[in-house]
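Taken in sequence, the protein lines are chains A and B. Under my numbering, the first residue of the first sequence is numbered 1, with each subsequent residue one higher. Under my numbering, the first residue of the second sequence is numbered 1, with each subsequent residue one higher.
Hints are supplied without guarantee of correctness; some may be wrong.
Same chains, same label: a pair holds when it works inside one copy or across any pair of copies.
List of simulated lysine-lysine pairs, BS3-like, C-alpha gap at most 30 Å [stated by the list, open to error]:
id: 1; residue 1: Lys175; residue 2: Lys270
id: 2; residue 1: Lys251; residue 2: Lys83
id: 3; residue 1: Lys32; residue 2: Lys263
id: 4; residue 1: Lys175; residue 2: Lys196
id: 5; residue 1: Lys92; residue 2: Lys190
Since the hints were derived computationally from the structure, they do not count as laboratory data.
2 protein chains.
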Amino acid sequence: MENLIRVAVDAMGGDYAPAEAVKGAVAAVKEKENVEVLLVGKQEVIEKELSVCSYPKERIRVVNASQVIETGEPPVAAIRGKKDSSIVVGMKMVKQQEADAFVSAGSSGAILVGGTTIVGRIRGVERAPLAPLIPTKKGVSLLIDCGANVDARASHLVQFAKMGSIYMEHVVGVKKPRVGIVNIGVEEEKGNALVKETYPLLRECKDINFIGSIEAREIPAGAADVIVTEAFVGNVILKLYEGLGATLLSKVKEGLMSSLRSKIGALLIKPALKATLKSFDASQYGGAPLLGLRGLVVKCHGNSRETEFKNSIIQCISFKEQGINEKIGENLKVSNEEKKEG
Amino acid sequence: MENLIRVAVDAMGGDYAPAEAVKGAVAAVKEKENVEVLLVGKQEVIEKELSVCSYPKERIRVVNASQVIETGEPPVAAIRGKKDSSIVVGMKMVKQQEADAFVSAGSSGAILVGGTTIVGRIRGVERAPLAPLIPTKKGVSLLIDCGANVDARASHLVQFAKMGSIYMEHVVGVKKPRVGIVNIGVEEEKGNALVKETYPLLRECKDINFIGSIEAREIPAGAADVIVTEAFVGNVILKLYEGLGATLLSKVKEGLMSSLRSKIGALLIKPALKATLKSFDASQYGGAPLLGLRGLVVKCHGNSRETEFKNSIIQCISFKEQGINEKIGENLKVSNEEKKEG
Chain A
1 MENLIRVAVD AMGGDYAPAE AVKGAVAAVK EKENVEVLLV GKQEVIEKEL SVCSYPKERI
61 RVVNASQVIE TGEPPVAAIR GKKDSSIVVG MKMVKQQEAD AFVSAGSSGA ILVGGTTIVG
121 RIRGVERAPL APLIPTKKGV SLLIDCGANV DARASHLVQF AKMGSIYMEH VVGVKKPRVG
181 IVNIGVEEEK GNALVKETYP LLRECKDINF IGSIEAREIP AGAADVIVTE AFVGNVILKL
241 YEGLGATLLS KVKEGLMSSL RSKIGALLIK PALKATLKSF DASQYGGAPL LGLRGLVVKC
301 HGNSRETEFK NSIIQCISFK EQGINEKIGE NLKVSNEEKK EG
Chain B
1 MENLIRVAVD AMGGDYAPAE AVKGAVAAVK EKENVEVLLV GKQEVIEKEL SVCSYPKERI
61 RVVNASQVIE TGEPPVAAIR GKKDSSIVVG MKMVKQQEAD AFVSAGSSGA ILVGGTTIVG
121 RIRGVERAPL APLIPTKKGV SLLIDCGANV DARASHLVQF AKMGSIYMEH VVGVKKPRVG
181 IVNIGVEEEK GNALVKETYP LLRECKDINF IGSIEAREIP AGAADVIVTE AFVGNVILKL
241 YEGLGATLLS KVKEGLMSSL RSKIGALLIK PALKATLKSF DASQYGGAPL LGLRGLVVKC
301 HGNSRETEFK NSIIQCISFK EQGINEKIGE NLKVSNEEKK EG
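If we strip away everything but chain A, and leave its shape as in the complex, we get (with noise of 0.2 Å):
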């Protein structure tokens, strides 16, 4: 079948590895027509997984890589040193082409640090920053940057927020995404340094909608899109979001449990208080991306299921059949051509 896009997937990746990976590859094929998988990591193993699924066999392939990257590892030795790593193996074959993107539940560090030093940064873009997306009362929202490189420059954010508007717009399906700035007041002179910089270039550009600062208080009822920070702000807002989450659950559980009357009351609202918080889970939407990049990596959570998998892997068909790459490498050179001018 002719424009077949191929998902390179690490199937020794996250904390159920290679069962949920292997499961996630199986249910994105039978859904998706125009995709092939390439499970990456211990062939035996995954032809194991593999024997007990149905599924067309010719859109899941397996590419053998000897060795794992643990979460432990520090990101650049393990990336250097394991050659025959799933992570290196895969993200080589998007270095070359023979994949379009790689999806991976392992080690952040190895995946950030790999993303740039194997697949390498598109044309113009300065620094590819992880987004993932959070759920919010309205839907989702991106939130860029929560990778590793902290201590970002104004430049780095304007470019985060042209990326992420691409992204939501044409992989998301946000009709020009409202994007605004973390900050901890909503006039123009508040925040810090590098908010006071950044601000000021956002709302000259043209390409995208800048609703100007948002605070963190706002995020949650859905006031941005595109939600640009830098990523210590970021990896903090999404960590915060993940911890207190957990806690406020766990709470209401606790109030549940607490008295017989509530016990019974508990039984009657399982299944509606089960739907209305699913809605607020954002692994129906897959990992989070890393932009910018030449191809697409995308991050799962370690503890990710099938489901993040598979929608994980149907998030790098959209991507792909957007041409999200090719239009960040045109806005981008767009962009630098103006600075050159002015």
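Assemble the complex: chain A is given as a structure, and chain B must be docked to it using the hints.
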């Protein structure tokens, strides 16, 4: 009565001024014998509120102030221009030692500016941090700094750690409070330039119980008692805490109202759920202290009610009785001398 602790309260600040501030003052003098409250603001208005309350008359005094600083006013201009505002008059009383503390639910900006310019910092304190208590699974943690002065230096953060430890130990009553620095990973080599510079300085502090980096995910679980961070990140954490809590609870409510079955369940669980979630409400601890000033300034939420005002006033009593400022002054004096010797 001797040893009466005098707390000036801004009767004009907050969404429910003057009623809730006045009620809080009345509740405080009824609960505690050793406090005198000075209600600062428009005399006539305050006296009208007081006229319907019963309380020990000799322990509430009204101090007239004809002006009010509104929330939206530029703080520096407001503090300079409105010499007869409740905030300026109340803070001057602290400066002139006519009051031991000042409590206000008014403009955050004006309170922060006034704290430093009118009340003034303790000798040796480089910056006065705003340190709210945030609820956790285990109780409460001090988040220091959430003020308006961003782009902090490492030496500021070290002082925040020390002041925060003294406060948590002697006002909140946590023995050997665990001090953590907000970071994007737990390894020492992780972090932005500021965190990398501060980490070894905190490790060297003999008078605090430094437990290293904490990720934002761990904050709601109560992983540290004193959470050290610069004000931009602190502000993001504080605001996201509020915003995400509100959004998640509204999601839960939406789930409860979605079917007849769940509505009946909701009636049964309501009392238990309310009690559990109340334990996750920080207002029982009162407002946020602005530490390191010659006197105490406490910033309450704009939407504070009687209970938060009352608890803020009671907080001032512990603060004074425990000699927190003397302890801070002594601690920083010793640290500065050690620095000179070293």
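Verification of the hints:
no. : hint             : verdict
1   : Lys175 to Lys270 : neither (35 Å within a copy, 40 Å between copies)
2   : Lys251 to Lys83  : neither (46 Å within a copy, 47 Å between copies)
3   : Lys32 to Lys263  : neither (43 Å within a copy, 40 Å between copies)
4   : Lys175 to Lys196 : within (27 Å within a copy, 41 Å between copies)
5   : Lys92 to Lys190  : between (44 Å within a copy, 27 Å between copies)
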